[in-house]
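Hey, can you work out the whole structure from these sequences and the hints?
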Amino acid sequence: MTEQLADSVCIRIQPDEDMIQVFRLVTTALSNRVGLNLDQADDLNTALEELFRFVIAAVDEDSRFRIRYSVLSDRLEVTAEGVPLDLSDDSSKVNRYSRFVIDSITDDLCESPNPEGGYNILMVKYLST
Amino acid sequence: MPRKPKNSPKREKIQSLFRDYQETRDAKTKSVLVDAHMDLVRSLARRFANRGEPQDDLIQVASIGLLKAIDRFDPDRNVQFSTYAVPTIVGELKRYFRDRTSTIRLPRGLRERSYTLNAAIQKFSQECGRSPNISEIAGITGISEEDVIEGLESVETAAVASLDMAKDSGDLSLLDVLGDEDKELSMLDERLSLAGAMSNLEAREQNLLYLRFIEGLSQTEIADRLGISQMHVSRLLRRALQILRHELVTPISREPFQT
Numbered sequence: 001m002t003e004q005l006a007d008s009v010c011i012r013i014q015p016d017e018d019m020i021q022v023f024r025l026v027t028t029a030l031s032n033r034v035g036l037n038l039d040q041a042d043d044l045n046t047a048l049e050e051l052f053r054f055v056i057a058a059v060d061e062d063s064r065f066r067i068r069y070s071v072l073s074d075r076l077e078v079t080a081e082g083v084p085l086d087l088s089d090d091s092s093k094v095n096r097y098s099r100f101v102i103d104s105i106t107d108d109l110c111e112s113p114n115p116e117g118g119y120n121i122l123m124v125k126y127l128s129t
Numbered sequence: 130m131p132r133k134p135k136n137s138p139k140r141e142k143i144q145s146l147f148r149d150y151q152e153t154r155d156a157k158t159k160s161v162l163v164d165a166h167m168d169l170v171r172s173l174a175r176r177f178a179n180r181g182e183p184q185d186d187l188i189q190v191a192s193i194g195l196l197k198a199i200d201r202f203d204p205d206r207n208v209q210f211s212t213y214a215v216p217t218i219v220g221e222l223k224r225y226f227r228d229r230t231s232t233i234r235l236p237r238g239l240r241e242r243s244y245t246l247n248a249a250i251q252k253f254s255q256e257c258g259r260s261p262n263i264s265e266i267a268g269i270t271g272i273s274e275e276d277v278i279e280g281l282e283s284v285e286t287a288a289v290a291s292l293d294m295a296k297d298s299g300d301l302s303l304l305d306v307l308g309d310e311d312k313e314l315s316m317l318d319e320r321l322s323l324a325g326a327m328s329n330l331e332a333r334e335q336n337l338l339y340l341r342f343i344e345g346l347s348q349t350e351i352a353d354r355l356g357i358s359q360m361h362v363s364r365l366l367r368r369a370l371q372i373l374r375h376e377l378v379t380p381i382s383r384e385p386f387q388t
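Here the protein sequences come in this chain order: W and F.
So for the first sequence, this note's numbering puts the first residue at 1; every next one is plus one.
So for the second sequence, this note's numbering puts the first residue at 130; every next one is plus one.
No wet-lab data here; the hints were simulated from the structure.
Keep in mind that the hints are not guaranteed to be accurate.
Distance condition first, Cα-Cα at most 25 Å in a straight line; then the derived SDA-like pairs of lysine to any residue [as the list claims (entries may be wrong)]:
1. K139(F) x R201(F)
2. K223(F) x D18(W)
3. K223(F) x A58(W)
Examples of chain W residues lying across from chain F (beta carbon under 7 Å, computed) [stated by the list, open to error]:
4. N32
5. G35
6. L38
7. S70
8. D74
What follows is a list of derived Cβ distance ranges for each label pair [stated by the list, open to error]:
9. M19(W) x I193(F): 26 to 34 Å
10. E17(W) x I193(F): 49 to 57 Å
11. Q184(F) x E111(W): 31 to 39 Å
12. S63(W) x Q184(F): 12 to 20 Å
13. R64(W) x Q371(F): 17 to 25 Å
14. N207(F) x I13(W): 30 to 38 Å
15. G258(F) x D7(W): 43 to 51 Å
16. V22(W) x I193(F): 31 to 39 Å
17. K157(F) x G117(W): 53 to 61 Å
18. E111(W) x D205(F): 56 to 64 Å
19. Q255(F) x A58(W): 36 to 44 Å
20. E275(F) x A57(W): 28 to 36 Å
21. M19(W) x E275(F): 27 to 35 Å
22. G258(F) x R64(W): 39 to 47 Å
Where is the CB? At the ideal position from N, CA and C, for every residue including glycine.
What follows is the structure, given as structure tokens:
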């Protein structure tokens, strides 16, 4: 079956706690388009918020944080692009904690190098069948 | 580095100033004592950095704690002032964050919408055994999908849930509902390898995380088990995770969170 990408949304925001509400609204709205239930939408929001807080601690106010949403027929993919920290680095307690939280509540979690620097962190939530 | 002798001239001088101040309550003496302890104030304020508040504000708040500590300190007790002052200053900083984060008030219309949504979600979850999606909530309540999303997320942001907050129905505190320490909670520690931080969470906070992250219950299932709403579980989990993260970043033994 060919995957149908219905929407792709990219937001670029300041690493500021006040911005959490912005991406929570976007995540909830796009979760609705996919048909995720409230539990699933909230899991994705929690994972993204954890990642956001993880990044806030490491970047300055002038930097920007990119979040890309891909709305597919059976899932919502959320990618944090250019994350300056390696989430898979097990040497830090905070890394292990963030990874555990995100991994526990998303269906898929994948980290890959970003060609422009940093890492891309992909989080996926599938529509329940 | 060699430790300073306990009765160093500097310490003697400070103790003498405290005795003077205790007797005279002289403003100039107090000012000298404040100046002598500003490094401590700045150091404690730094421990609360990265929480979205300007550092200057935190130093001011910590200074208030210092003033209170100076007023209350008894130099005859043979305790170092810093030992006495640190909990007072940290307490002042924590109170500041607590007050700052619990004063967001929603417009009445939005609060009423929140009650409607909450009731609809709870009824749907009980009847269908699963969490609804937004279209389903919109269908039940007659509220547009956009307004449902706005209502859910606004309430989520404004609500600073406390584990001591009354549960949605009845007068029981959530602390009563969650019960006592679970033997299996140590699994959460092992999975996270975060013994230090976890031990700073209250048993009930650990229990909530355990249900979600070790037992793997969904929010709706936890809500069903505890007799509270899914929205409330969502807020509590979010708050518990934030507390844990703060403990990891700034490992300070904390006072119980209150509303």
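Hints, one by one, checked against the model:
Restraint check for K139(F) and R201(F): the C-alpha separation of about 21 Å stays at or below 25 Å, so the hint holds. Proximity of K223(F) to D18(W) is assessed by CA-CA distance (about 20 Å); at most 25 Å being required, the pair is judged to hold. Annotation: proposed proximity of K223(F) to A58(W) holds, straight-line Cα distance about 23 Å (limit 25 Å). This hint holds: N32(W) has a C-beta 4 Å from the nearest C-beta of chain F, less than the 7 Å allowed.
With a least beta-carbon distance of about 6 Å to chain F, the hint placing G35(W) at the interface is held under the 7 Å criterion. For L38(W), the interface hint holds, since its Cβ comes within 7 Å of a Cβ in chain F; the closest pair sits about 5 Å apart. At about 19 Å, the closest approach between the beta carbon of S70(W) and any beta carbon in chain F exceeds 7 Å, and the interface hint on this residue is violated. Against a cut-off of 7 Å between C-beta atoms, the interface hint on D74(W) is violated, since the closest Cβ of chain F lies about 14 Å away.
Range check, M19(W) to I193(F): Cβ separation about 30 Å, and the 26 to 34 Å hint holds. Range check, E17(W) to I193(F): about 24 Å between beta-carbon atoms, so the 49 to 57 Å window is missed. Between Q184(F) and E111(W), the C-beta spacing of about 32 Å keeps the proposed range 31 to 39 Å intact. In this structure the supplied range 12 to 20 Å holds for S63(W) paired with Q184(F), their Cβ-Cβ distance being about 19 Å.
R64(W) and Q371(F) have their C-beta atoms about 23 Å apart, which keeps the hinted 17 to 25 Å range intact. Roughly 54 Å separates the CB atoms of N207(F) and I13(W), a value that falls outside the hinted 30 to 38 Å. About 30 Å separates the C-beta atoms of G258(F) and D7(W), a value inconsistent with the hinted range of 43 to 51 Å. For the pair V22(W) and I193(F), the supplied restraint of 31 to 39 Å holds, since their beta-carbon distance comes to about 33 Å.
One distance hint, 53 to 61 Å for the beta-carbon pair K157(F) and G117(W), holds here, with the actual separation near 55 Å. Taking the beta carbon of each, E111(W) and D205(F) are about 59 Å apart, inside 56 to 64 Å as hinted. Between Q255(F) and A58(W) the CB atoms are about 43 Å apart, so this pair conforms to the stated range of 36 to 44 Å. Taken as a hint, the range 28 to 36 Å holds for the pair E275(F) and A57(W), whose Cβ atoms sit roughly 33 Å apart.
Checked against the hint of 27 to 35 Å, the C-beta distance between M19(W) and E275(F) comes to roughly 20 Å, which is inconsistent with it. One distance hint, 39 to 47 Å for the beta-carbon pair G258(F) and R64(W), holds here, with the actual separation near 42 Å.
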